[in-house]
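Q: Fit chain B to the known structure of chain A by using the hints.
Protein chains: 2
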Amino acid sequence: MPRYAMKIEYNGQPYNGWQRQDGQPTVQGAIEDALRKLQPDFDKIAAAGRTDTGVHGLAQVAHADLTRDWEVFRLNEALNYHLKPHPISILEVAKVSDDWHARFDATERRYWFRLLYRRAPATHDKGLVWQINYPLDVAPMREAAQHLIGQHDFTTFRSSTCQALSPVKTLDELTIEEVAVPYGAEYHFSIRARSFLHNQVRSFVGSLERVGCGSWKPIQMKHALDAGDRAACGPVCPAAGLYLAGVGYAQDPFTGAAPINTGGKR
Amino acid sequence: MPRYAMKIEYNGQPYNGWQRQDGQPTVQGAIEDALRKLQPDFDKIAAAGRTDTGVHGLAQVAHADLTRDWEVFRLNEALNYHLKPHPISILEVAKVSDDWHARFDATERRYWFRLLYRRAPATHDKGLVWQINYPLDVAPMREAAQHLIGQHDFTTFRSSTCQALSPVKTLDELTIEEVAVPYGAEYHFSIRARSFLHNQVRSFVGSLERVGCGSWKPIQMKHALDAGDRAACGPVCPAAGLYLAGVGYAQDPFTGAAPINTGGKR
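Chains as they are written, first to last, in the UniProt record's numbering: chain A, 1 to 266; chain B, 1 to 266.
The shape of chain A in the complex, shown without the other chains:
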């Protein structure tokens, strides 16, 4: 059975998250339904990362085992045809070896977060940003973020329902850019690690926002981390601004287009 890797973009707004659930609209369910149009006995795909309700994908990666030997361009086009009118798009398909695994072979996950400051409510970007109506100060947020970089016990920034075996993770990057927009500003967070705990990114952004608005001093981020206590976390921020921006592999299965740039506005 040939195995195919897929790079997937999706708008998370209409879905109860990535993971298939009977009777609920999910991204995984929609893609599996499209695969069953090509192969009625198709079972399931495996993905690099699950995303929660309302979280978006810019370059999620999943794999599927198909009985037929497909030319990758034709498989890509056929899947996008059958995915209509879902806001889910297969950006690239690659044939991979039988033992390649979208989840277990991933060496890095990259997230991107859009936080919009503007008084007037978002219109075209509704559901695609977390909006606040006061400006933030980037310098203290950057200072606070430095305390999170490296290997730590991230119990403070972990959902109580997180199923990871250990709360110890290594955060490789947490950078923040400010982009001027009419009548306000956007703050873009780029966050990178081998793997994440459940709600870790939204716990980071929610706590950093407390620093940016002056409610927390930057050093309080270190105190929160050191506490090793969920109660020490800032508010978990909304899902709407969060994007799974990319997945890294020792050998990237996709060729062609360059990786998604998570540094600027999409």
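Honestly, I wouldn't trust all of these hints.
Same chains, same names: a pair is fine if it fits in one copy or spans any two.
As the list claims (entries may be wrong) - Heads up, simulated PhoX-like pairs for lysine-lysine below, C-alpha to C-alpha not over 25 Å straight-line:
no.: 1; residue 1: 126; residue 2: 95
no.: 2; residue 1: 95; residue 2: 84
no.: 3; residue 1: 222; residue 2: 169
no.: 4; residue 1: 126; residue 2: 84
no.: 5; residue 1: 37; residue 2: 126
It is worth saying that the hints were derived from the structure and are not from the lab.
Remember, it's a predicted structure, so these values are computed and weren't measured experimentally.
A: Here is chain B on its own, set in the frame of chain A:
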């Protein structure tokens, strides 16, 4: 009765265009409904430009006469509150003189158009771009656009239902930028004139796309213009990529934030 000018941003997707129609969702109707929450006997607003079904606003301008003397910040906030959950947002409110008119005093309208080339269907930008699945060549499009600049009889690029008294208009700007995006490109058209004929911008973009894909030579744009015949126009392009990007006045009623930049991506 004090008169107030409003700068308005909206996502045109859920609306049958700007203009109020009984029993249909329209942008004008939604804003008038919000005004009636503040003043039950409120009648109607006047806008600088009507937009068709599916066309968006970045900085539409309209005015309203209210019986009460409002502090502009409070009026702005109250309108945005009552507009929820519509994807319509009042960016700015200004008090203007009783004889100031959003439509008749406008000296310039600016439109912006987003054309996306990518094979994979748009997800987050669905309904916000016109998507094609082949690349365009910008240089010949720019050459063709030069034939349209200046004062001309634009009968070729005018809807048969256009109600303007004359087909003669002066086009002040038609510039095209190419912006690289993952797996494709966007072409941004910035178009500026004192006023436009119905469907003029979409007729321009639809014809320029024919040049960009190699189907028309640039000089054919001049031939089409000279024909003065609707049948000589290229296909009128879809509404989804079109934005009313700004309205100019001899004296801008709004102060504060800078005008919307129509040159780059929003």
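Q: Take the hints in turn and mark each one as holding or not.
A: Each hint tested on the structure:
1. 126 / 95: This pair counts as neither: shortest intra-copy Cα distance 36 Å, inter-copy 28 Å.
2. 95 / 84: within (23 Å within a copy, 47 Å between copies)
3. 222 / 169: within (16 Å within a copy, 63 Å between copies)
4. 126 / 84: Intra 22 Å, inter 12 Å, cutoff 25 Å: intra and inter.
5. 37 / 126: between (32 Å within a copy, 23 Å between copies)
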